[in-house]
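Chemist: One letter stands for each residue in the lines below.
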Amino acid sequence: MIKVLLLSSLLISFTAFADSGSRLVASGGVTGFEGAAGGGITPWAFIGGYTSKEEVSYSANIQYLSLNDYRLTTAGAGFSLFDRVEVSLQRQRLDISSGLTSNVFALLTEGAISNANSATVEQDIVGAKVKVFGDGVFAQDSWLPQIAIGAQYKKNRDFDSSLSLPDGSVPLPETGVPLLLGAKDDSGTDVYLSATKLWLGTPSGYNLLTNLTARYTKANVFGLLGFGAEGDDSAKLEWEGSLALLISPTTAIGTEFRTQTNRLGGLAEEDTVVDAFIAYFPNKSLSITAAYVDLGNLPLQESSSGFYLTVNGHF
Amino acid sequence: MIKTARVRALITIFLACVLSGCTSIPKQSLYEEIGGHKTLNTIYGVAITRIYTDPVIGHYFKGVPKKHLRDQLVLQTCELIGGPCEYDGKTMLESHTGLNIKEREFYILVEYVQGAMRDVGLTYQQENRILKKLAPIKYQTVNL
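Just so you know, the sequences run in chain order D and U.
When you line the first sequence up against my numbering, it's residues 1 to 315, in that order.
When you line the second sequence up against my numbering, it's residues 1001 to 1144, in that order.
If you're looking for bench data, these hints aren't it; they were derived computationally from the structure.
Heads up, some of the hints might be wrong.
[Said to hold, decoys possible] One side of the interface only, derived from the structure: several residues of chain D facing chain U at Cβ under 10 Å:
1) ASP83
2) VAL137
3) SER204
4) LEU246
5) ILE247
6) ASN297
7) GLN301
Glycine included, C-beta positions come from ideal geometry on N, C-alpha and C.
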């Protein structure tokens, strides 16, 4: 947590001197938890930052999501080229409390082992997004959205990192959390298509952003629980959406959803993710977003919802 | 019989109301709402002063009389936001062709106009509604 705060204050101080591009403030969205610009849980067709066709900008972000016995911390950096291409690198770390891992062992051993160490699942995501056509902000005389396509290569770093007990022993060698829950692969690539449109002056003078994203993926819980399952290794089409209302030149409120396919089943049943957020854009270099996120079921935690905070810098 | 006619009339009124967005009947235009010519003239007066001294885009306006540009912009915006004006000057396309204006430069200008609207006291909602009408001008000015 201290690390997070330090990094955030660094970001804030950097961005005070930044020149992040000339596009309208807030039109780059925020950096989502997978590194793509848009909402918190879904990419938009808009290119991150504020670059015009003649500009390049860089971004950095740090994000924290607290879900009771799970905590997700993610951080990353990216760059945007000429309002056309966005490239990002994101590291995610899911911390799982020892209470939960202990319960896993208790279940597996019918109570013989009831105490385990906390565990961590890390994932790296390399993302790229390309604007295909449209201008979701300035083509206000047309209903056509801006369209972008993107890909996210995800590599789970703890697919086979064994869970350990307090005495240092490893009852299940080379079996990480994803593998234990039945995932098949440690990496996968999501591909997505996003359609995004900002409706200036609508409703009643405010600006409304609408986004719909279709994602083709094998990921279980975004890849944190691996990719595919022994019984179901096919990629599926998932739907994601965002609605955001700019209630002032610097503040947006909104809500999002993201469907997931329930491949692993059992403990790792997946639900549709929803969130409600407020994002603050004091200037083009900085944004701070707070959200309430509900992931539904996570292994051994049927109701997983909590607070999300992210700080983005553009320079 | 009378009853049916009355119900029918009510339904017609209701439908008309829904279809027209249920706004009060003599609808005030955005132009009138913000204070007409006087307000637009002030907005562009403020914006143009800043635009002419901008280090990046100021040079495009060398030799263009401020008053002429101001009148043209007021007239054009008036027409776009429902005022009783008819713009008869050169089209945006004509006056910007060959200048090779960069997207970045257009965005800088937009921010000056936005800033002027704010400084003159327009509400955020009025600003957005005007911006919606002005936004497509991007395609008659940039990269030509």
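Chemist: Next, verify each hint and record whether it holds.
Modeler: Each hint tested on the structure:
1. ASP83: Holds, because the Cβ-Cβ distance from ASP83/D to chain U comes to roughly 7 Å (cut-off 10 Å).
2. VAL137: This hint holds: VAL137/D lies near chain U, its Cβ roughly 7 Å from the closest one there, short of 10 Å.
3. SER204: 6 Å, holds
4. LEU246: It holds, given that the least Cβ distance between LEU246/D and chain U is near 8 Å, below 10 Å.
5. ILE247: 8 Å, holds
6. ASN297: 40 Å, violated
7. GLN301: 42 Å, violated
Against the hints set out earlier in the document, violations occur for numbers 6, 7.
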